[in-house]
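Colleague: Turn these sequences into a full structure, and let the hints steer you where they fit.
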Amino acid sequence: MLLEADVVVQVLLRERLRITALAAGVLRDTHGADDIFQQVVLAALEHRSEFRDSGHLLAWSLRAARHRAVDACRLRQTRVLPDEVLDLLESPDTDVTDGSWSDRVEALHRCLAELTPSARGLLQLRYGEGLSAVDVARRLSRTADAVYQSLSRLHRGLRECVEKRLVGGAVRGT
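If you read the sequence shown in full-length UniProt numbering, its first letter stands for residue 1, the second for the next number, and so on.
Cβ pair distances, simulated, as ranges:
hint	residue 1	residue 2	range
1	S118	V7	40 to 50 Å
2	E46	R16	17 to 27 Å
3	V167	L75	40 to 50 Å
4	S54	L140	44 to 54 Å
5	P117	H31	14 to 24 Å
6	L166	D34	20 to 30 Å
If you are wondering where the hints come from, they were derived from the structure by calculation, not from laboratory data. We treat Cβ as the ideally placed atom computed from N, Cα and C, and that holds for glycine.
Modeller: Structure, rendered in structure tokens:
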């Protein structure tokens, strides 16, 4: 069955956040993840005669984004996530069509905005720049243990903040 070009684009735009999030999780670079998404869309349009249905298209797109992100990491000579983690990120069986995925992302963005500048700076060094906790500690003239503890507190606080915002649909406004 040949999926029409507009169907391919609709499916991929609907799943854009998921595909881009997978690429960003591997690559640790949101701009690079956006580039990968665009490459995946173009490749999907070129190969649309190979897709049986929208589920097959989604699975293929997640796999393509994963491979492109891993290739980009290798070119940049950065560490790649273990295959077990990549498999979880790529899994098309995870149902995010109920809006919970975007609600979580929105809640996380709101929670991140509430962080102190130093906390945001710590997260930027660790995840934005992809530095190890030891390298972050060196850069901030702190001990690695202090950085690990700070990151642990930040993770816990963000998780609690997101969960609080999601309870009762409180994502917006509170």
